[in-house]
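K.L.:
Here are the chains, one letter per residue:
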Amino acid sequence: MAHLTNPLATPSQLYALTTLNSPLPIDLQHSIRFYTARLTQAAGLLLRLPQDITAQANVLLYRYWLVDPLLAWEFSDVSAATLYLTAKISASPRTLRSITNVYTYLLSLPTFPSPTTPAPTAPPDPESYYLSETAYTTYRNRLLNIEGQILNALSFTTHVSLPHPLAITYLQTLSIFSLPPAVSTRVAKRTIAHLNTALLSPQMLYLTHQPPALATAAIYLAAREEGVKLPDGEWWTVFDVEREELGFLCVGMRSLEGFVEEERRRWEGRGVLTREGVRGEMGKLGLNNEVGNGVEEDEESQMARLLDEKVGAVST
Amino acid sequence: MTGKMKSRWADDEEDAAADAARKREKEEKRRAKAEKQRIADEAALKAQQAAAAVADAQSEENQTELSNRPSKRRKLSPEREEGGEKASGGGEVKLLRFPVGGWKRCRSVEEYEKLNDIEEGAYGWVSRARDSATGQVVALKRLKMDNANDGIPVTGLREIQTLMDCEHPNIVALREVVVGEDTRKIENIFLVLDFLEHDLKTLLEEMPEPFLTSEIKTLLQQLVSGVLYLHNTWILHRDLKTSNLLLNNRGVLKIADFGMARYFGDPPPKMTQLVVTLWYRAPELLLGTERYGTAVDMWSVGCIFGELLTKEPLLQGKNEVDELSKIFELCGIPTEESWPGFRRLPNARSLRLPKNPVSQGSVLRAKFPFLTASGSELLISLLSLNPAKRPSAKEVLEHGFFREDPKPKSREMFPTFPSKAGQEKRRRRGTPNAPVRGKVGEIGAVDFSGIFAGREEEERGGGFSLKLI
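Sequence lines, in order, name chains A and B.
Taking full-length UniProt numbering, the leading residue of the first sequence gets 1, the next gets one more, and so forth.
Taking full-length UniProt numbering, the leading residue of the second sequence gets 1, the next gets one more, and so forth.
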C-alpha cells in the first residue's frame with residue numbers, strides 16, 4: 001500500500017502556514033519554495049542523482065516547510081540537507097563532500113542557471129568555489145544539524161511515493177504505447193514533464209494529492225496537448241480519481257507556466273535566492289524589515305533565554 | 001401566582017402566539033428554499049447553455065484552426081450530463097481510497113516512563129517503558145549514533161522507513177519515533193515498538209525440551225507469513241535469526257530488528273553481501289554475490305526451522321570459510337548441475353571442492369530422524385544451495401507439512417513461559433552480530449576438499465562398522 005500512497009498535509013497545517021511564516025508575504029513564500037526546489041533540482045543534476053531521488057528530496061523539502069518556518073535556516077542549507085538525506089536512504093547515496101562541493105559551486109554563480117539565460121562564455125574561476133577543509137567541516141556540521149531538525153519535524157516519515165512510474169503504467173493501460181512511437185513518446189515525455197514541473201507548484205500539489213491523481217492529471221493534460229484521443233467516458237475513475245480532483249489538478253498544473261513566468265520576471269539574473277535576498281526584497285516592498293529580522297532575533301533571544309533558564313536550574 | 005402555578009402544558013395565548021410564529025417561520029423557510037432552488041436551477045441551466053456554447057465555439061475553433069484536434073474534446077458536455085444522471089440514479093462509481101497518514105513534529109521521549117533495560121542489540125539499546133498518557137507498556141529502542149560524520153545512521157533510517165510501511169500481525173509495529181528533550185541537536189532517537197515478553201533465542205536457551213512439532217509449525221507459519229508480507233511489500237529483511245524473533249505470552253510471533261532491511265526491486269539492484277548474521281547467511285552471500293533476492297531470507301528461515309527442532313543453531317561457523325564448509329557438510333557440495341553458474345560467483349573461483357559430491361539432503365535427513373518425510377522435504381528445500389530452488393514464502397505456507405498431523409497448535413493453546421524481559425535483565429547472548437557495513441571479507445584460496453576426506457573409512461551406520469578382511 002505504501003508504494004501507492006503518501007502522507008498528506010492536513011488542512012490545519014496548510015491554514016497555519018500564514019501565521020508560521022508571518023510577516024513574510026505569500027508571494028515571497030512562493031518564491032522561496034520555487035527557487036529552493038529548483039536549487040535542489042540543479043544540485044541533483046550536478047550530482048548525477050537519478051531524478052526520482054531529486055524529486056523525493058523536493059517533496060520532503062516542502063513537507064518540512066509545513067512544520068518549520070521558511071526563514072528558520074538558510075534555504076540552500078535546507079535544500080542540501082534534504083538532498084543528502086534522501087540520497088542516503090536510497091540506492092544511490094552521495095557523500096557530504098560531494099554535496100557541499102556542488103552547493104558551494106551553485107552558490108558562487110553570479111546568476112542562477114536557467115534555460116533562458118545564456119550560458120556564461122568562460123567557465124567560472126575554480127578559486128571562487130573552492131571549499132577548504134575547515135570550511136567543509138563547518139558546512140557539514142551545519143547540514144547534519146539541519147538533517148536532524150528535518151527528521152524531527154517530519155516525525156521521520158521519509159517515505160515518498162512518486163507518480164512517475166504509476167503514470168507509465170497508466171499510459172500502458174490506456175494503450176498509448178500502441179500508437180506510433182513518435183506520438184507515444186511525445187505523450188509520455190510530456191506527462192513526465194508535467195509531473196516534474198508540478199513538484200515546483202506553489203500549491204504544493206504533492207502534499208495535497210495522492211500519486212494516482214497526479215499521474216492521471218498529467219496524462220490528461222499531456223494527451224490534450226499532444227492531440228491524442230483518450231477513451232470515451234470517465235476513464236479517470238478507473239484510476240480512482242474523481243472528476244473534481246482531476247479538474248483541480250489540471251488547473252493547478254497548467255497555472256504553473258504563468259507562475260514561473262512571474263517568478264522569472266522578478267528574480268531573473270540574480271544568484272541563488274538567500275535569506276538576505278528575501279529580507280532585501282521585503283525592505284523594498286516597504287514591509288517592516290526589522291520584523292523580518294525579528295524572526296531570527298526572536299529565535300536567538302529565545303535560545304538565550306532557554307540557556308539562561310538551564311544554567312539557572314543547574315546552579316540552584 | 002396563578003400564572004406560575006398553572007400546568008406547563010396548558011394552552012394559553014402565549015403558546016398560541018409562539019406556535020403561529022413558528023409556523024410562519026417554517027413556511028417562510030420553505031418558500032425561501034423553493035426560491036433558492038428555482039434560482040439555482042435557472043443558473044445551472046444558464047451555465048449549461050453557456051458551457052455548451054463555449055464548447056461549441058471551441059470545437060469550431062478547433063476545427064478551423066487546429067484540424068488535427070481530436071474529436072474527443074467535444075464530448076465533454078454530454079459526458080457531464082451522463083455523470084449527473086448516474087449520480088442521481090444512485091449508480092455511483094466506487095473509488096478506491098486508502099487511509100492517509102500525515103507528519104508532525106516528534107514527541108519527546110519524556111512522554112514515556114522507563115521501567116527496565118532489556119538488551120543491547122547491534123543497532124541500539126532496548127528498554128521497557130510505559131506511555132505516561134495511555135499507560136501502555138512498550139519497548140523503547142534507542143538508535144546508536146555511530147558515525148557522527150554521516151549524521152543519523154542510514155541503518156536506523158532504513159529501519160524506521162521499512163517498519164513504518166509495514167502493518168502485519170507478525171511484524172513488530174513501530175508506533176512512533178520520539179526524540180530527546182533537547183531538540184536543538186537531534187542526537188537521541190527512540191523507536192517506540194510493541195513490547196513482547198520473549199525473544200525466541202533466549203526462550204530456546206531456557207527451555208529444558210525443544211518445542212513440540214505442533215508448536216514449531218505454529219511458529220514457523222507465523223514467521224513465514226510475516227516474511228511473505230515483507231517480500232510482497234518489496235522488503236528484504238536480511239537479518240532473520242531467532243534472537244530477532246519475538247514471542248508474547250499469547251503465542252504470537254513477531255519479526256523485529258529491521259536494521260538490515262531495505263527495499264529491493266525486480267530485477268534486484270546491486271546490494272552488499274555483508275548482510276545476515278553469519279550462522280544464518282545463505283551460501284550465495286558467502287560466495288560474494290551482489291545480486292540476490294528473497295531467497296536469502298528463505299535460507300535463514302530454513303536455519304531457524306532447524307534450530308527450532310534441536311534448540312541449537314544449525315550452522316555455527318566460526319568465520320565465513322568455516323560457515324561455508326559447515327554448510328557444504330550439511331547440505332552437500334554444489335555442482336554445475338545442482339547450481340548452474342555458482343562457479344562464476346566472486347568467491348567461488350578459488351574454491352577447491354571434492355570430486356565426488358554426496359547427494360544433497362542425505363546428511364540433513366540423518367540429522368533430523370524424527371522429522372516426517374514432508375517435514376524433511378521442506379527443510380531440505382529451504383536449505384537448497386541453489387537460491388533458485390528454495391521455495392518462496394508462499395510456497396512454504398502451502399506446503400503439505402502444515403496440513404499433516406500433528407496440526408499447527410492454535411495460538412490460544414500455546415504454552416506460556418516466565419517472562420525474562422518483564423523484570424530481569426537479560427543475559428548477553430552468544431549469537432554473533434550482523435556484519436558491520438564497510439569492509440567485505442575476502443574468502444581467499446581455500447581448500448574444501450578435506451571436508452569429506454575419510455568418508456569411505458567412516459562408513460555408514462551408527463555403532464559398528466563393517467570391514468572386509
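Treat the hints with caution; some may be incorrect.
Below are the SDA-like pairs computed for lysine to any residue, each with C-alpha atoms no more than 20 Å apart in a straight line [what the hints assert, rightly or not]:
{"hint": "1", "chain 1": "B", "residue 1": "104", "chain 2": "A", "residue 2": "62"}
{"hint": "2", "chain 1": "B", "residue 1": "104", "chain 2": "A", "residue 2": "68"}
{"hint": "3", "chain 1": "B", "residue 1": "367", "chain 2": "B", "residue 2": "329"}
In case anyone wonders, no lab produced these hints; they're calculated from the structure.
K.L.:
Next, verify each hint and record whether it holds.
P.N.:
For each hint, the structure was consulted:
{"no.": "1", "hint": "B:104 with A:62", "in the structure": "holds (13 Å)"}
{"no.": "2", "hint": "B:104 with A:68", "in the structure": "holds (10 Å)"}
{"no.": "3", "hint": "B:367 with B:329", "in the structure": "holds (12 Å)"}
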